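> The lines below spell out each chain.
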Amino acid sequence: MLRFLAHRLALAVPTLVIASMIIFALQQLLPGDVATALTGEERDPEVIAFIREKYHLDQPLPVRYAYWAGGVLQGDLGVSVRLQKPVSELVLEKLPVTLELACLAMLVALAIGVPMGILSAVKQGTWMDAAANGVALWGLSVPNFWLGILLILLFSVHLGWLPASGYVPPGESLVENLRSMAMPAFVLGNAIAAVMMRHTRAAMLGVLGSDYVRTARAKGVSPLRLVLRHALPNAAIPIITLGALEFGQLLSGAVLTEQVFSVPGFGKLMVDAVFNRDFATVQGVVICTAATYIALNLAADLLSAVVNPKLRRA
Amino acid sequence: MSTGAPLTEAAGVAAPAAATPREPGSLSAFWRRLRARRSAVIGLAIVVALVAIAALADVVAPYDPTATDWGAVRAAPSLAHPFGGDEVGRDVLSRIIYGARASLGAGLVSVALAVALGLPIGLLAGYAGGWVDAVIMRLTDALLAIPFLILAIALAAFLGPSLTNAMLAIGLSATSTFVRLTRAQVRAVAAEEFVEAARAVGNPPWRIALVHILPNIVPAILVQATLTIAAAIIAEASLSFLGLGQQPPEPSWGAMLTVAKNFMDQAPWMAIWPGVSIFLAVLAFNLLGDGLRDALDPRQRT
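The listed protein sequences correspond, in order, to chains A and B. Note that the UniProt record's numbering gives residue 250 to position 250 of the first sequence, counting from 1, and the numbers run on in steps of one. Note that the UniProt record's numbering gives residue 160 to position 160 of the second sequence, counting from 1, and the numbers run on in steps of one.
Any given hint could turn out to be false.
Said to hold, decoys possible - Label pairs and their in silico Cβ distance ranges:
#1 B:Pro248 to A:Leu99: 52 to 60 Å
#2 B:Ala128 to A:Ala131: 53 to 61 Å
#3 B:Gly160 to A:Leu245: 28 to 36 Å
#4 A:Ala131 to B:Trp131: 47 to 55 Å
#5 A:Glu89 to B:Pro249: 38 to 46 Å
#6 A:Pro45 to B:Gly160: 45 to 53 Å
#7 B:Gly129 to A:Leu174: 50 to 58 Å
#8 A:Ala216 to B:Arg38: 49 to 57 Å
#9 B:Gly160 to A:Leu159: 40 to 48 Å
#10 A:Gln124 to B:Phe194: 47 to 55 Å
By construction, these hints were calculated from the structure, which means they are not laboratory data. Bear in mind that the values here come from a model prediction, so they are computed numbers and not experimental data. Yeah, the Cβ is synthetic: ideal placement off N, Cα and C, and Gly gets one too.
Isolated chain A (complex conformation):
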């Protein structure tokens, strides 16, 4: 198990390093002088000089990368020229909001996707299976920012039940917090629910066809108990590990969801930074996203190795 862990870590580290190089190299796409491009509309020579020195812009690209990567390793993601704050501070400030949104969305996805997947596997070939597959196809095809707009139209504009935008920290009022997060979490979870439904259906179909389930059925185990006690625990393994991989999707989706509902999270930070031409912040957010995604992949690998010893042979 330790060897497996070491092997996986050894693969994850170069991946993150190369990803950071790619993200750093994005700067080269900026037209013209990097220092003036990084400062955006700011033309104060002092600021430009500060940026030039901060990013060692008189040095060749690999040297600049080394300085930047060295900083990143110490938790220094650069400075947001626009907001006059360290990027790491901004990231830490916004991250909890996005994490809450992502976790709530995952709950929504599991609450919708898993029961639907079980139902469609148990009732394979019936109208219920077809209906569940139709719902999944809807979830995969509807753009989440549009779904968000439609929900605002219904629940905020017409019914007035939920706030259209704004965010209330849970420390202030938990009820208001959940009210402000309800629509964003549903919109974001909707797409993942479709994916979870497909994973659950496939996993359940595999387990339901196995010998031990047939034996249990022959022994007269009730259908409900058969599904919940005998089949589901084994089907849960691929559902959990595949679900962890959907977090990348969740982070992508959060960018637009946060934009539609004005949720002050990671995604909104990135989009605002894009429009303020605040490139240090863009790079900081992307590298943190990549690191999170790689860590989750690693966690998913470990989780599957814990539950399935056959996978431990790296």
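Please build the complex by placing chain B on the supplied structure of chain A, with the hints as guidance.
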């Protein structure tokens, strides 16, 4: 959804079609299998209809998509303007029709770019092996570690906002998926006996790669490309929604939604139709992709 859900590898095509040698008339057999799937036919029909609308936009659109009419500002749907008017009195239907060009164009161009880059690189990695493969795969892993849409937004941000740059950003972000898929397919096919035989009779490596391996991995690439078009259309709409794609006043479904969000209580039709259009286009390519996968899946052939 979905900001590009089908960008994971098309799981169903993991087993390459190589196991079944290509029998004569296989194209008509494939067409028969595809036609037998009603959802695939519906998907194909919508795709054809959307492409026709985009191509014939000049003929079918009732108005100039950028022409303003002060009498039609936020006008409710009527006979003159079936989908209503927008915030400066442009005809929403005409903008939807012309917007199809941006959406479908972005979907097709960016995926063509991703395949044009990803296929040769994947072929090289899978067939050459060794350090070439190792280097390419580490790069691919690193790119795949950045979620698709976030990479596309970052690329578009640094390239600058325009429809061309959005296509470029989406295409580059989707490339790693095709590299990885091609490589996996090549390695599976290269282990087949007929490739061994081709090698044994003295074919040069480039000939084996292009003549013996490439045709056998086309089905898997085709399925993935179709599903990726769906993801790319959503990505283009997302970038345009954020202001990083098609620039006003040129019409694009995503950008129309950005404006519509501000007029939701007065002119909800401005928000309904662009979304319906994106949904239909994405649904069509998802249906077609699922249908192609089932029709090309050798495990379903008896």
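> Return holds or violated for the Cβ distance of Gly129 (chain B) and Leu174 (chain A) against the range 50 to 58 Å.
56 Å, holds
> Using the C-beta atoms of Pro248 (chain B) and Leu99 (chain A), is the stated range 52 to 60 Å upheld?
35 Å, violated
> The hint says 38 to 46 Å between Glu89 (chain A) and Pro249 (chain B); measuring C-beta to C-beta, is that right?
39 Å, holds
> Given the hint of 47 to 55 Å, is the C-beta distance from Ala131 (chain A) to Trp131 (chain B) inside that range or not?
51 Å, holds
> Return holds or violated for the Cβ distance of Ala216 (chain A) and Arg38 (chain B) against the range 49 to 57 Å.
Violated, at about 36 Å.
> Check the following: the C-beta atoms of Ala128 (chain B) and Ala131 (chain A) are separated by a distance inside 53 to 61 Å.
Violated, since Ala128 (chain B) and Ala131 (chain A) (Cβ atoms, about 48 Å apart) do not stay within the stated range.
> Determine whether the Cβ-Cβ distance between Pro45 (chain A) and Gly160 (chain B) falls within the hinted range of 45 to 53 Å.
24 Å, violated
> Evaluate the given range 40 to 48 Å for the C-beta pair formed by Gly160 (chain B) and Leu159 (chain A).
For Gly160 (chain B) and Leu159 (chain A) the Cβ distance comes to about 41 Å; the hint holds.
> Regarding Gly160 (chain B) and Leu245 (chain A), is the given constraint of 28 to 36 Å on their beta-carbon distance met?
32 Å, holds
> Has the hinted range 47 to 55 Å been met by the Cβ atoms of Gln124 (chain A) and Phe194 (chain B)?
37 Å, violated
Against the hints set out earlier in the document, violations occur for numbers 1, 2, 6, 8 and 10.
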